[in-house]
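Chemist: Given next are the chains, with one letter for each unit.
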Amino acid sequence: DAEITQSPRHKITETGRQVTLACHQTWNHNNMFWYRQDLGHGLRLIHYSYGVQDTNKGEVSDGYSVSRSNTEDLPLTLESAASSQTSVYFCASSESGGARGEQYFGPGTRLTVT
Amino acid sequence: AQTVTQSQPEMSVQEAETVTLSCTYDTSENNYYLFWYKQPPSRQMILVIRQEAYKQQNATENRFSVNFQKAAKSFSLKISDSQLGDTAMYFCAFMNQRSGTYKYIFGTGTRLKVLA
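Heads up: the sequence lines are chains A and B, in that order. Take the first sequence: its letters are residues 11 to 124, numbered as in the numbering used here. Take the second sequence: its letters are residues 141 to 256, numbered as in the numbering used here.
FYI, nobody ran anything at the bench for these hints, they're computed from the structure. Glycine is no exception: its CB is placed at the ideal position from the N, C-alpha and C atoms. Incorrect hints may have been included.
Chain B stretches covered by chain A per the calculated footprint, using a threshold of three residues with CB under 8 Å from any CB of chain A [as the list claims (entries may be wrong)]:
#1 159–165
#2 213–220
Which chain A residues face chain B? A few, computed with CB under 8 Å, are given here [stated by the list, open to error]:
#3 ALA32
#4 TRP37
#5 GLY50
#6 HIS51
#7 SER59
#8 TYR60
#9 GLY61
#10 VAL62
#11 THR65
#12 VAL98
#13 PHE100
#14 GLU112
#15 GLN113
#16 PHE115
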């Protein structure tokens, strides 16, 4: 069965370190998204991609970067982790072109920055 | 810019009763999708129901139905015969149907607790 996976599921890191969160999907979807979930804010879009070599900033992109070198993967990098980036991170994917918009979500990564 | 508002941070309902979660949104677009997602304690996001704005008929999925009021920009979720497994965080989401646009805007969520 097709799926979307995230790794690691839990991560503790120190302020200032670079951290990369992995997202891998086997749906063959063109669209991929990274969100962060914080109490009182719901899910907020960090970055998204509509295809290989395409990346776009979301509403909370400062301090994060992504790259899309193939269809399956969209890694999220925190260049210099800050305590404000402690959160739960979700990756999602969806079809493009005539699709009905459903996004398929990964299980999430809980990141703690100390 | 579009916004999505869920004004009920927390709600509770007795098992087997009916509960309605509210969602309002703001957009100048005419064609769009609206979604309700469920996030149980496992954290996995699950699509509950979807509504296309051009359809006047309200979407239903088993015990879940929506009341879509396009003019009022309201999209509430009704859960009938509530079950303990319905205990979860519920998020309302908006997606523009404009060609080439697939990103969501989420509300802040409503935490629903079903009581035995």
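Chemist: Does each hint fit the structure? Answer for all of them.
Modeler: Hint-by-hint comparison with the structure:
1. 159–165: Per the Cβ count (0), the hint is violated.
2. 213–220: Not satisfied, violated; 0 residues make the cut.
3. ALA32: 17 Å, violated
4. TRP37: 13 Å, violated
5. GLY50: Cβ of GLY50 of chain A sits 6 Å from chain B, so the hint holds.
6. HIS51: Holds: closest Cβ of chain B sits about 6 Å from HIS51 of chain A, inside 8 Å.
7. SER59: 10 Å, violated
8. TYR60: Hint on TYR60 of chain A: holds, closest Cβ of chain B at ~7 Å, below 8 Å.
9. GLY61: 11 Å, violated
10. VAL62: Cβ of VAL62 of chain A sits 16 Å from chain B, so the hint is violated.
11. THR65: 13 Å, violated
12. VAL98: Status holds, d = 7 Å.
13. PHE100: 7 Å, holds
14. GLU112: 5 Å, holds
15. GLN113: 6 Å, holds
16. PHE115: 4 Å, holds
Going down the numbered hints, you'll see the structure goes against 1, 2, 3, 4, 7, 9, 10, 11, while the others check out.
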